[in-house]
Amino acid sequence: MQYELRQQVIEPRRKTFQYLIERNGDKPASRYEEGTIDVQPTENFHYRPLWDPAHELYDESYSALRLTDPYSFLDPRQYYYAPYVTTRAQLHDGFGRTLEYLEGRGLLARLPDGWRTLLAELVLPLRHYESGAQLISVNGARFAYGASVEQCLSYAAFDRIGLAQMLSRVGFALADGGDELLTAAKQQWLEATPLQGLRRIVEELLVEPDWAVGVIGLDLVDRLLYPLLYRHLDEAALTDGAGPYSLIAQHPASWYVDQRKWLDHLLATWVADPEHGARNADVLTGVVEAWLPKAEAAVTAYATAVEAAVGTDAAATVSTLAVRVRADFTALKGDS
Amino acid sequence: MTASSVRTVGLDLQESSEDTRRVVEAIEQDNDDVVVTQIPGLVKIQAPGQLVIRRETVESLLGRPWETHEFQLAIVSYYGHIAEWDDDEIVIKWDH
Amino acid sequence: MAKKLSMKKRYSALTRDLDWTPSYVDPEKVFPYTSFEGIKIHDWAKWEDPFRLTVDSYYKYQAEKDKRLYAVLDGFAQSQGHLSLSDAKYLNSMKLFLQGVTPLEYAAHRHFAFLARHYNGPGPRFAALCQSIDELRHTQTEIHTLSTYNKYYGGMHSWPSQFDRVWYLSVPKSFFDDAMSAGPFEFLIAISFSFEYLLTNLLFVPFMSGASFNGDLPSMTFGFSAQSDESRHMTLGLEAIKFLLEQDEANVPIIQAWIDKWFWRGYRLVALIAQMIDYMLPRKVMSWQESFELYFEEQMLNGLFKDLEFYGIKPPRHVEHAIAEKEILSHQVYWGLYSFSFAAAFTTTVPDAEHQDWLRAQYPGTFDKHYQPLWDKAAKIQADGGRFFFQGLPQLCQVCQIPMLFTEPGDSTTICQREREYQGERYHFCSDGCQWIFDREPEKYVQAWLPVHQIFQGNCGGPSVPEVLAWYGIQDGDGGEYVGSADHVDWERWHAAAPVRS
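Residue numbers (this note's numbering), protein chains in the order written: chain A, 1 to 336; chain B, 1 to 96; chain C, 1 to 502.
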């Protein structure tokens, strides 16, 4: 049965906040917009930071990369807090189920030796890479200008700890609940040759004064590491009888797809900026020239060890990926 | 007995779901001299010295698995220190 | 799977064991800000994590909380629930909340990110990261909660820019700017300890209970929903202070001085709450005096500070002044706001007879003697067709930035004025507490962007009130007198036509 519900109709005085009316006209705004646009203070700060008196508390000059209107960048995923935690709860729930399944059937113990070595000695130590990535991202969360950019970085920072915890949980599972493999993995991170390039680049990015350079430099490494580990090796695992690796890999792989959405859009927004676009493009060129060779060298050294464990032309894959990264950045500038 | 062991420890819980009511019952079962006061939407729990929330007790009342992390959904505030929070129990008491 | 590890060990493996000491760069360059304050840390491993929340648990339970909260917000909006508020003038409290508290949540979100990067200890770094994300939750859930009222009532439409510009909002803004511009350890004591623990109930209980008593379902629901996050934040504050005090005896006097400073700065900030709870709620929860006695004197002074005696920490300097003010604070501040609400984004009004009876009963020692005469005079002016507003701009305290409307301890008929000369300029303070804060760091407080000075310097849109209000983004209907305001007129109209609602 269909019925009409009568209600007292009250005309609203306005359909959203003034700051959105000024941008978009008086019409209903999304929760993402209401919770993000123009939310960060912009003027009349009272005191200079004791820890950095050369800057204001929020300051565009914390980076060489600028936007005329900080809110010309908006997260294409439209994550505000609620959809963010909901979607990540699903990701981690999926991961938890995968792990439960693998542990319940003792499938990790049945991994071929090379793949087990890969996981224990090369993948587990990356939880420290993720930890460093979190610090680099959260630095951007504090110092980026405007709530839309910093919000993406806040979520990215929390994501990285989530990824680190995923890897740690794989470590527990491989060791039947104990932490021995994680302890060993830390030593690998600190000392094993294949991991030192990655550790070095993370540490150098940590002391990079421009938060955006830190974030982009990290992304250059991610653009090599993630497709290597969670796409290329995923496919190889299936043909190599290392199915459990693929089951695990799907989770960080899906995170990486999500990460690309906002980060690629930010890069494009920087380059397309009406006032700063050309200069931003030059800055990006400089960042790529400074950091991509280091990233490629670090991930290639890592990939050499991957190849020693499971073959799959890992090192050559990194070369191909690096070529693609260069091409992507060239195309980015060409499109502006 | 030192003075600190007779100081009141307290917990305020959201009284917004059936599950939380079972948690309150578990607390009443596992602690002596508990005083429970109800105001709209809020349950105030007080006890001398310490309060323990035991996973096993909660599970037996709920009829399903319950992890201590789920207590996050219920807690509004507490008065005392969280002395322990592990897989099996949460303990609130004063340090000094 | 055989679970071999305790939750504590497992949690440690998942969080703090991720940390390592850099060797390719100078570790001091990675964490450059943790020694300049003089705080000594010998062993970061002694930091406790009482809540031991893993990321997957965090996501799961926070998502559940938000699902429940947004269901209430949607239902309220759909049913035009604002019509069931006790009265439109109740919303002045939530206008103040959105303008003055929500921006502080955002500031906390940004600056806990600073701690999450810059503490050279992984335990508190992770706790700070969780808090940073939590504070973003609070910022946005508050905006979303109050978004429904913004559509029908004044004073909420321009809260971000007003936080940056409007005179009374420099009180919360300068408070948090002070914390953010301080070092990472001072920030932790200022915000995690003093604000999120010591004073938190004085801030939140009045607003959330006020919401509950006045039919504001969404704000009340938000309040409950945020509280479980707050219990984690309280814990961080308590852990912070215990950890720092236990690390080195040399930390004790530094922490004591911060407790002294931040109690007083926070106490002056909550003067805005005092007036709200006594004057802005049509249905009363409790008086400021009662709140202060319960949430501060009983729970903190006689509870927490007894605990902290163990470390050699004393109750905050100037606390006796705050105690002495409890019967007069709310009246003085509301009278100030009443006098200046023509320049505010909320309305004020003379308390009606019933309200005055309540005030008289709550404050038998002071209301009749000092404040009834003011309200009688204001009421008479109103009956004669006028409305008392102060013609001019108030002098602000250099530190707390509240108008100089506080009185001498022990003599509530004399305005309290203190001053200090610094580098050839004279600075004014509302109290010994604020002067003491200035004297410790004058080079900091002389930087302040004082709204009244700025108006006089011509930096606020022009020399006339309308020009300043335009620059503030204050629209017709946002401020001034409640009776006859757009909110009042609309409220009467909506309720005259409305059918009886169950």
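Quick caveat, the hints were computed from the structure, so don't treat them as lab data.
Note that the Cβ used here is the ideal one computed from N, Cα and C, for glycine as well.
Hints may contain errors.
[Stated by the list, open to error] Residues from chain C that keep clear of chain A, each with C-beta distances beyond 12 Å, as calculated: (1) Val25; (2) Glu28; (3) Pro32; (4) Tyr61; (5) Tyr153; (6) Gly154; (7) Ser287; (8) His355; (9) Lys369; (10) Arg426.
[Stated by the list, open to error] What the simulated footprint calls covered on chain C by chain B, stretch by stretch (three residues with Cβ under 8 Å from a Cβ of chain B suffice, anywhere in the stretch; the number is not a length): (11) 49-57; (12) 168-177; (13) 233-241.
Structure-based check of all given hints:
1. Val25: Incorrect as stated: the minimum Cβ-Cβ distance to chain A is 5 Å, not above 12 Å.
2. Glu28: 10 Å, violated
3. Pro32: Contrary to the label, C/Pro32 does not stay out of reach of chain A, its closest Cβ about 8 Å off (not over 12 Å).
4. Tyr61: 9 Å, violated
5. Tyr153: 7 Å, violated
6. Gly154: Nearest chain A Cβ is 8 Å from C/Gly154, so the label is violated.
7. Ser287: 32 Å, holds
8. His355: 27 Å, holds
9. Lys369: 37 Å, holds
10. Arg426: 19 Å, holds
11. 49-57: With 6 residues close enough to chain B, the hint holds.
12. 168-177: violated (count 0)
13. 233-241: Result for this restraint: holds, n = 3.
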